[in-house]
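Combine both chains into one complex, guided by the hints.
Keeping their order, the protein sequence lines are chains A and B.
As numbered in this note's numbering, residues 1 to 447 make up the first sequence, in order.
As numbered in this note's numbering, residues 1001 to 1329 make up the second sequence, in order.
Some clues are possibly wrong.
Claimed, not checked - Subject to a maximum C-alpha distance of 27 angstroms in a straight line, what follows is the list of computed DSS-like cross-link-like pairs (lysine-lysine): (1) B:K1089 - B:K1177; (2) B:K1177 - A:K251; (3) A:K251 - B:K1089; (4) A:K169 - A:K304.
Bear in mind the hints are in silico, worked out from the structure with no lab data behind them.
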Amino acid sequence: MRKTDSKWAWRRPVMALAAALVVLAALPFGTAQQGQIPLNPEVSGDIEFWHFWGSPVRRNAVRRVVAQCQAELPNIHVTETFKPFGDIWTANIAAVAARSGMPDVIVADRLQLPRDAADGIYQNLGELAEADGVDPAAFWDFIWDQTLYEGDTYGLPFETDVRVLFYNKNVMAEAGLDPENPPATWEELWAAADALDVWNEDGTLARMAFFPLYGNVGADLWAMANGHDFVVDGHPVVDDPAVAETLEWMKRWIDRYGGWAETQRFLSQYGAAPNDAFMAGGVVMKVDVAGYNSILNFYRPSAKLADGSTANMDWGVSLPPYSERPATWSGGFTLSIPTGAANPEAAWEFIKCAASRPGQVSWARDTYAIPSDISAARDPVLMADPAWGFFVDAMEVGINVPFVPAYSNWIEQLNQRLESVWTGDVTAAEALSAAQAEIDSIIQQNQ
Amino acid sequence: MAVSTRDQAVKVAAAPEARRRFSRRRFNQALTGYLFALPWLIGFLVFTLWPMVYSLYTSFTRYNIIGEPRWIGLRNYRNIIFSDPSFLKALENTFWMVIVKTPIVIVAALTIAILLSLDLPGERGFRTIVYLPNVLSGVAAIFLWQWILAPNGLFNAGLELIGVRGPAWFTDPNWTKPGLVVMGTWWIGSQVLIYLASLKGIPKSLYEAAEIDGANGWAKTRYITLPMLSPTTFFLVVTSIIGTFQIFETAFIIAGAAGRDVALGGPSQSLLFYVFYLYNRAFGKVGAGGLQMGYASALAWILFVIILIVTLIQLWLARRWVHYETDGR
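The following block holds chain B by itself, in its conformation from the complex (with noise of 0.2 angstroms):
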């Protein structure tokens, strides 16, 4: 519709007839694009936006989903806030991870990127063998590395060749998250390939000039490399930031292992991320009151602000490290 509003109101003036036709036209139009959209369009409505709306409306009840929910005002969310130490324990454990995790994951994706950039013999088996974890189930994947992870398991031989005594991985609770991460970056295959397409459209040009100046290969990288893939880094960054933060299933069966309750969130607490816990408290595993859904509501909500309250600080904090080709920075 490249027709302005002034046009519009133009033709409208001169011509009813006309306009009539038009907007019929244009009625037609737009029932058949909102017809087309029509069923994501109750997709979302159904299954996203009403119990959306519903969770917000039970985070101030007190609702085990086969009753009805009790209106209990601000309770749920200033017993998170005030007196739960579990809400803080999984607090802490998720941004453990998003700070530990989320560094290592994009650096070691970086690495591998430019590494499988560089146009080496056999470059195509090693890309496949980078993202081929990612084609794996993902819970068939964790009982493999459960069996790898184990106190007297594949890694540990590993390090044992080298000397060191490694740690009883999944028992000790110092060691439970260190595992995780280290099971973690066996899944980069898809920001590597992410990496892979950026480096490959940056222009061979950029290159070619700094060559002229004479530059050398580091100083290609942090000046060329670097800066033309920040976009990218900064939407993995995001991406995997809310990612890591609603971490679930690795802890739920790392957690239930060895005939262990779930609830406990394994080793001392060690692997009660947030959403884990979410899910404890909503089918009653752990707390008083059987089901809670009501509470689980709530926490479900606060981490909507804590990843919105994240994410729009790294969009102001973007603005200082990311460089967008088309905006003359």
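In isolation and in its complexed conformation, chain A is listed as follows (with noise of 0.2 angstroms):
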């Protein structure tokens, strides 16, 4: 998966005599590694570094990297501000396009990047990165290629995450099932759930084994799951058979559970962490990023038995199941500094800080986020969990699916048209032509 012919390659040893010099003149402030990008202390500046890691682990995580960046950097001074996810980045675009009140430094979408880098939003690093010898191989291949447009990178890669079953191995245990062993098929994820539901006495639902749209997963990995590449060339396809079963599977789940309705139903009694459905006891598995493990964490929830009782939860985690391959995929943010920021230099400075291997792997301790430098990610305080490896390998499964800059947002065609399907009111294949159709028509449209 590294790329070895970088255009970047020769600058490997160069950087890293650079680094190790710096490193050493700045010895009291940290040792030389791998992933350490130099700083300069020197830069002085107020800044103002927006973010929307809100919960209680989250926040404190980013006071963390923060804290840790003032030490580095003594003499800028940053000041974290909370916004609301997705208000963020509105709110950023508001305030380039006034020219005035944006942030220094901006948690930016890596999967939308090159498209805000076209419309201007954010400043091309490439040649601070260059200058300071930000080495891309340092990063995840796909990860570091998310965040270029025409060439140059608009932002340095701070985490990302990796979707992944979670699994509540005590009561797989209690239903007969291996906890060791999780479905990995499609095949024995349906003979599992036949172990696993639980039906009331009046016919409702009181228990599921799984659902393909419960946590953080949608019928865009399910398909991948399928085999399914959805840009071919360089155009995105929806209107494809691989799709179409994908989508008629997941069909199959919803009428399992006795249709849309019902499965809203039964899904809305629950909420947000610590209730959640999975924590609750109300589905057996579920794909969420790796993130959720700190949740886990944090509730330390406990496990309703059959019996009545409860015990402390043990889950499991293992990669989502498929039908034709393994697969996964990865979002995650960027440090970027939007047009017009007052403080660019101490904002770079800080985005190096807190993208650098120290940074990550405090933000990763504390959120389970995976790094996005490849060296951090395998940081013997994160390998210290024995489940982190395996988020690790997790990443080597997944697929990235290439930018189209004549329609970035092309899946939404794709999800705007999912819920007709669930209730019936359409079938997949019409459902698929006629996304395809649409994306077809606003791609000429752009061309």
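What follows is the structure, encoded as structure tokens:
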């Protein structure tokens, strides 16, 4: 997966030397390590940093990263500001358009970064990265590539995520299934559900083994696990038998549990962690990002057993069940500088610090987000958790969907038609052909 | 200024001295007037007229608010009208709401207002209760309603009592808009208040005359109350239709519930209302090509034309059913 003929490759020895020198010069602040980007502690200024990490776990984690960087960059003062997810980017766009009020550093959505770069929302960091010897090979290849627009980076990758299957071992064991061998394929999953589903006497659902739409997962991941590559020769393809088959498979799950309304009724009994359907025992298996592990660690839920007793929940992780090939995908975020930011120099120093190995390890340790820096991802501090290595391994089956400049958001055409398939108002084939026609038409308009 | 132009002309010819004095006074008066109106005028010119003119211009451009607008002529309008299924979907959803919600709200408000005007015991308390939702912050109330209309929420629990298995309101594309209508009938306090005020304004003598003629309760309502209220009804219909055309925050919050992407416009785009779609285009959440302020501006002007046409149709229809006491009909 790693790029060996990268245009940056020649730079590595030079960079290592430079890094070693800089780190030596700044010995009190750290030791020479892989993934350490040289900092310039002379740079000074106040910077504002916008993020959307408001939960207790994440807010503290982000404060720790800021505190670490404050120690390394004594002349820079960082103010971290929480903005709600989604609004953070709208507010930034408004500020960039008004040419005032934007932060100096913002957490940007990596999958939208090239499009936002094309719109002029973020500053080109290509020259700064090159001047400071940022090594693209330090990051996972696909992650670095996703930060590029016309060959230049517009943000240093901060964290990434990976979708895996979480399952409740206590309940599996109780139902007579092997808790160390969770279902790996769609067939095994369906069979396991026969043992795990529980129905009330009045015919309503009491426990769901698995629901393909519950968790941080959608039709896209399942279609990938059914062997579908969404972007073929730069063109998005949704109208494909593999996708139709996937939607029909998902619909079978919905019908298994009494149809769309019934499944929604069942799931809506549950709320956010620690009352979500997995922790509260309503769902036995769910796909979520690795970060969910930190939430489980934080709340330490108990598992409800059939005899009415409870036990500390023991959960396991594995790859999402597949039909054709094991698959998962990773989103994630970069640290970027909005266009017109008041203090880009200090911002850049902070970004380098946060995105380098110590910053990423600190963040990952608290949040179970996967460091985008490969060496940081296998840091001994992180590997101390026996589950951690699995999350990093799961990255290997990650499917990277290439960016489509003419229509980056093409997946919306699929997603906006799904509920009608779930309710049975349209067939999977109808929804897919309509979605494809619309994707083709928009791409044609934009070329 | 009760001075006619001809009178002025006579005076002007007769006394140039007086004319100067007069025009000076007139000028000063006008100046004072304009100075008093100035804060509003500046606000109107800068924050209303200028953005409107500018949005008309940008509707003919490709404009991402960060760069400079690029002139593309009628292309935005052509794409919207001829090749944008989401535009049609947004229109369909919006008209659905206008056609279904407006009559329900008007009839409910009128019924409650008539009941409240009967001078029954506890009328004041009920009046307060009916108006109370309007005092609450809209967003908080929407969150409250999300809870009430959850698939196993309060509303469905009530339906369960009479043996009806309620729908999954905000996750089933067939039930999202009916859910909004149910929610909307909760916010009729101001309409009820306006109706109540008009009801109190109907002369008692009309009812007394009708009673002498032997009219029963229904006849009085049908032939006195409703015609006398028709100007109010007309006002409420016009304003509530315009309000429904501009529905945004309810759809925005409900479409974004449970971590769903707001840009999808709710389950199968069933909550993609016109202004909501316009917002999604403007901030680059849907479609290709990033921030699409030009496209969104064109959508706004098309909405302006649609509302104008609908309102003109209503004005024309009003001649047939709205009764003004002064016009002798």
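Against the structure, the hints come out as follows:
no. : hint              : in the structure
1   : B:K1089 - B:K1177 : 13 angstroms, holds
2   : B:K1177 - A:K251  : 24 angstroms, holds
3   : A:K251 - B:K1089  : 24 angstroms, holds
4   : A:K169 - A:K304   : 11 angstroms, holds
When each numbered hint is compared with the structure, no violation occurs for any of them.
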